[in-house]
Amino acid sequence: MAFDHEGYAQGKEILVRAHGVKRVYHRGSEEVQALRGVYLNIYRGEYVCVMGPSGSGKTTFFNMIGGLDSPTSGRVFIDEVDMAQLNAHELAFLRCRKIGYVFQSYNLNTVMTALNNVMLPMLFAGKHPDDARSYAMELLEKVGLGDRWNHRPMAMSGGQQQRVAIARALANRPSLLLCDEPTGNLDLKTGKEIHQLLSNLHKNENATIICATHDHNMLLASDRMVWIRDGEIDRVELSKDVKIEKASLGTDDD
Amino acid sequence: MAQKNAIDVRKQKKLSLGRSLKICLRGMTHRLLRSTLTLAVVVLAVAFFMTLLTENVFIASIAAGAGNEITLQREASVTLNFLYVAPADLIHSKRLATTWESSNETQLALYAKFTATPIEEIRQLAKLALQEQQYLEFFNSLSVGKRLILVQKNQGRKQFRFLINPGPWQEFVENIKVFKSLQVPGGIAEMRSFLDGFETYTKKLAKVTAAWHDSIKTFTAASEKITGPDQIDDWLATAKANELTAWLKTVQGFGFDFSQEKLDRICKFLKIEKRRAEIATILNSATKKDLWQKTLYTKPALDEKMVMLTNDKVADTILESKFNREDLQEIVNHIKHERVLAQQEANLVGKTNMEKGELLSEKQLFLLFVSFLVCIVGIANAMLMSITERFREIATMKCLGATDGFILTQFLFEAAIQGAVGGIIGVIIGFALSLLKNSVTFGSYLYHYFPGEGLLLCGLYSLAAGIILSMVASIYPSWAASRMAPMEAMRIE
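For the protein sequence lines, the chains are A and B, in the order given.
Letter by letter, the first sequence follows residues 1 to 254 of my numbering.
Letter by letter, the second sequence follows residues 1 to 493 of my numbering.
Because the hints were derived from the structure by calculation, they are not lab data.
These numbers come from a predicted model, not from an experiment.
Glycine residues also receive a C-beta, built at the ideal position from the N, C-alpha and C atoms.
Among these hints, one or two may not hold up.
Simulated restraints, written as ranges between beta carbons of each label pair [as the list claims (entries may be wrong)]:
1) S29/A with L460/B: 24 to 30 Å
2) P53/A with A40/B: 43 to 49 Å
3) F369/B with P53/A: 37 to 43 Å
4) L384/B with Y39/A: 22 to 28 Å
5) H26/A with A40/B: 36 to 42 Å
6) Q33/A with A40/B: 45 to 51 Å
7) H26/A with L384/B: 21 to 27 Å
8) E6/A with L21/B: 52 to 58 Å
9) A40/B with T72/A: 42 to 48 Å
10) K12/A with L33/B: 47 to 53 Å
11) L33/B with R235/A: 47 to 53 Å
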């Protein structure tokens, strides 16, 4: 029950596998079922958009596959590694090496320069500072911020900050890029730039991207769309099968 | 299926402490500006600590300095008093007896020194002398009739020589039984034993007395102009260098602990005192008084007038050019210094109740303990606040692969830097406050005995206290931060 379309999985390598993932929160005496059993395979090199109204369990699902939280029952595999079997140290290592995070509110370290922000995950991974510096510069140039490496986040626009965040997410060459509404805090124009950047990464470098978004541009660029509702996967659609009305999702005048 | 082979943490290089500290150091200046509250608490605590410590150090140093000077000044008169005894005193049984009675060990030691006799022997002699005095008193208190019956017409020591003979002694014993109201001091047997040893006692006493007189002769010969104890001051004040050296050698020859340095100091002190007295006499003389009152009548005390003389042009006319400016200045300095010392002594009353080597009194320790406790709570609170503010940053760090240990290290290190920076500011502020406060109390005398080394140590202690305080206070907040779940990073405000 992995919502795979016929023939879609053929010849593809599974990167993330969610197997009956349930998550129950205790809020006082009340039990909140955030996830009611999610089955999903995500393949290497895939660009998946996850959608759902707020409170649907979308964020919880993200936490699960990002190794930020562990399921109450069920299993999550990344690169065929069972996350439930990892201790805190290994989880930290997995987050560092396997997953790149891009947040809606950028979450850059405000006291560090762009370069230091990008270097940080590489230093955590034990890379030599000199190597980390040169690769961080490379990444910053890739996201188009080569000349602004010495700026602190406060001196940057939202779009620039998000680009630094993407560079940071790519620092350790992760298997998976996890983006939580990357364009949510940005205006349409800069949002489009970020979306362009992500889809270029997907196309040119075959990056696996899981993206929670409402941005129709992103939906169009993705391979699949996963709809989550009430803690369950409602439906999975191939983007090429779906005709999204621009007007139904907001206007883009370009 | 599920294999852990893809991830092997053990193969992974661990983030070294040095490197993680380097990461923490990035943007530290920016962070410090933000954590002004924590910094302020550290600064306050350290400043308080520094003020307490330095004040104690200042007081201790001034107490030692002033105390030393006061002792030095007094030493002069004390030593001289001791020396007066030598030429003034003539040894005889009565003197020895009173010395023994008042058990004046210094005096006995002096006798021993001047007569080159062991002090034990002098003690023995003194004891016998006391006995002799008692018997003499006993005989002298008798009525003429009784005296005639008991010792016939003999007086003084002849009485004892008379009684030594067996005939008169038998008579004496029988007669004393007749006068039932009479009690020989110490009893008959005691008196007999005294009489038996009387000849040796007198011989010894004579020998010691002779030795004493010889010594006195040498002693006075060295300071020939001294004929009485009152003159020793004058002589010392006016004596020439070679005379003084000869005298010093003699004094030292008698076994006195008396150095050239001490002698010089005494001489200088005496000279100044002498000149001071001379000026006082001139100022108080009838003819000068009028002139004086016309010019500087407002100052009533003689010392004050002398101080003013150095600045006033009339000094020459008043003092008839007997004193040059340097001399005058020296006297004035001496007067001023005396006053400062007296003032410092008054200032220190009740302040040096600490044991030597102790930096803080018990009361201060308690005060410090309470204030540090308050500071720890304050810093911990401020740190907790800053951690709740930084939850997203912490969670993001964890998403990027930071371990709990790294977060803990980072926050502790930050606390240490905060403690150090706050500590340095606190030390400076505390030192400035303490300097200000003590300058008001002690005046310029503070710089006269500036305890530089002690203050540096105080600064180091305070700095260490600031760092430790800050780190201890941040143990719990740092732990709380390290336990923060990484998914907090996903939360949107």
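Hints and how they fare:
1. S29/A with L460/B: 24 to 30 Å: Given range 24 to 30 Å: violated, Cβ gap about 56 Å.
2. P53/A with A40/B: 43 to 49 Å: Holds, since P53/A and A40/B (Cβ atoms, about 46 Å apart) stay within the stated range.
3. F369/B with P53/A: 37 to 43 Å: About 58 Å separates the Cβ atoms of F369/B and P53/A, which means 37 to 43 Å is violated.
4. L384/B with Y39/A: 22 to 28 Å: With a Cβ separation near 42 Å, L384/B and Y39/A fall outside 22 to 28 Å, so the hint is violated.
5. H26/A with A40/B: 36 to 42 Å: Holds - the Cβ-Cβ distance for H26/A and A40/B, about 40 Å, lies within 36 to 42 Å.
6. Q33/A with A40/B: 45 to 51 Å: Given a distance of about 47 Å, which is inside 45 to 51 Å, the answer is holds.
7. H26/A with L384/B: 21 to 27 Å: 24 Å, holds
8. E6/A with L21/B: 52 to 58 Å: 56 Å, holds
9. A40/B with T72/A: 42 to 48 Å: The hint (42 to 48 Å, Cβ to Cβ) holds, given that A40/B and T72/A are roughly 45 Å apart.
10. K12/A with L33/B: 47 to 53 Å: Cβ of K12/A to Cβ of L33/B: about 51 Å, so the range 47 to 53 Å holds.
11. L33/B with R235/A: 47 to 53 Å: Once the Cβ atoms are compared, 51 Å apart, the range 47 to 53 Å for R235/A and L33/B holds.
When held up to the earlier numbered hints, the structure conflicts with 1, 3, 4 and fits the remainder.
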